[in-house]
Amino acid sequence: MELTRHADAGDFLAQAGEFLGAREAEHNLILGLTSRLLVEPLLYGEPAYFAVVEEGGRVVGATMRTPPHNLILSELDDLAAIGPLLEDARAVFGSLPGVVGPKEAVAKFAAAWPAEARLEIAQRAFRADHVDAPTGVPGRMRDYERRDRELAASWMDAFAEEALPEPPPDTSEEFVDRREEDPDGGIVLWEDDGAVVSMAGFGGRTPNGIRIGPVYTPPELRGRGYASALTAAVTQRLLDSGLRFCFLFTDLANPTSNSIYQRIGYEPVSDFDFWSFSG
80 MELTRHADAG DFLAQAGEFL GAREAEHNLI LGLTSRLLVE PLLYGEPAYF AVVEEGGRVV
140 GATMRTPPHN LILSELDDLA AIGPLLEDAR AVFGSLPGVV GPKEAVAKFA AAWPAEARLE
200 IAQRAFRADH VDAPTGVPGR MRDYERRDRE LAASWMDAFA EEALPEPPPD TSEEFVDRRE
260 EDPDGGIVLW EDDGAVVSMA GFGGRTPNGI RIGPVYTPPE LRGRGYASAL TAAVTQRLLD
320 SGLRFCFLFT DLANPTSNSI YQRIGYEPVS DFDFWSFSG
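FYI, the numbering for the sequence shown is 80 to 358, going by the working numbering.
Misleading hints may appear alongside valid ones.
Distance ranges between label pairs, derived from CB positions [what the hints assert, rightly or not]:
| id | residue 1 | residue 2 | range |
| --- | --- | --- | --- |
| 1 | Gly-136 | Arg-228 | 28 to 36 Å |
| 2 | Gln-94 | Glu-125 | 39 to 47 Å |
| 3 | Arg-169 | Glu-270 | 46 to 54 Å |
| 4 | Ala-190 | Arg-228 | 38 to 46 Å |
| 5 | Thr-250 | Ala-190 | 30 to 38 Å |
| 6 | Thr-335 | Leu-198 | 16 to 24 Å |
| 7 | Pro-347 | Arg-84 | 32 to 40 Å |
Please keep in mind that the hints were generated in silico from the structure rather than gathered at the bench.
Source: prediction; values computed, not measured.
All C-beta atoms in this analysis are idealised placements derived from N, C-alpha and C, irrespective of residue type, glycine included.
Modelling step: build the complete structure from the supplied sequences, incorporating the hints.
Okay, structure coming up:
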């Protein structure tokens, strides 16, 4: 097997783009990040890392990282690609906070990484090409405005505390500002009787789609259909804009989110896990 390390998103996609695009839903995280890095290479403060493994001239796996975030692993057509991908990541970084990717491949990568590994979140990737909008939910969707920044950031803090095993490396204000500045992304809100009751982000453009998330409703306002209605509305808007698909990830430990998204048209595609490293 032959590993090629790339210095930028353009060269990475020139080699691995067809491989990644053939399973667009499974690779929506990698494709979405590289689409931004094509136009803003230093979006996260320093150059991103890209590597591709070929066997006999055929791409069998790829990986990328935007430090200080986790390494992202692609689907692997040959699990033996884990060897060169892992060794190159060790050579470049020495240590990693964690790795995310397809369930089987990322578990084998985590088992081979020279640090204590722990499964933090078992996720599932979903794809929608149509919307079954819920009915009877009061309120309407509206776009994020600058006056919503404090509320959006505080809800991102609450989302991270509830849904993530550890604080993300970026502040909530940075996340909100990046979504606002993303020409393909943004934030939408659900408003009921003049009050904002739910929030959803979207971004990470892929060749034919875009990713929805995070979606957050404060605990005291849950159970009223706001998140379902908001996700359905923004999905419909994005599909109406000419996109073929919308994607999202759910935490398999949360049965509510896994059921509500399927009711509005999202179909499960693959399992996608996050492992953390320590020591």
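- Query: Are Ala-190 and Arg-228 spaced within 38 to 46 Å by their CB atoms?
  - Reply: At 42 Å between Cβs, range holds.
* Asked: Falls inside 39 to 47 Å, the C-beta gap from Gln-94 to Glu-125?
  -> Check failed, 22 Å falls outside 39 to 47 Å.
message = Taking the Cβ atom of Thr-335 and the Cβ atom of Leu-198, is their distance within the range 16 to 24 Å?
response = The hint (16 to 24 Å, Cβ to Cβ) holds, given that Thr-335 and Leu-198 are roughly 21 Å apart.
| said: Range first: 30 to 38 Å. Now tell me if the beta carbons of Thr-250 and Ala-190 are that far apart. | reply: holds (33 Å)
Practice prompt. Given the hint of 28 to 36 Å, check if Gly-136 and Arg-228 actually sit that far apart at their C-beta atoms.
Written response: Roughly 49 Å apart at Cβ, these two residues miss the hinted range, so it is violated.
- Query: Taking 46 to 54 Å as the hint, is the beta-carbon distance of Arg-169 and Glu-270 inside that range?
  - Reply: Distance hint for Arg-169, Glu-270 holds at roughly 49 Å.
Check your understanding: Should the hint that Pro-347 and Arg-84 are 32 to 40 Å apart at their CB atoms be regarded as holding?
Key -> With Cβ atoms ~33 Å apart, the hint holds.
Going down the numbered hints, you'll see the structure goes against 1 and 2, while the others check out.
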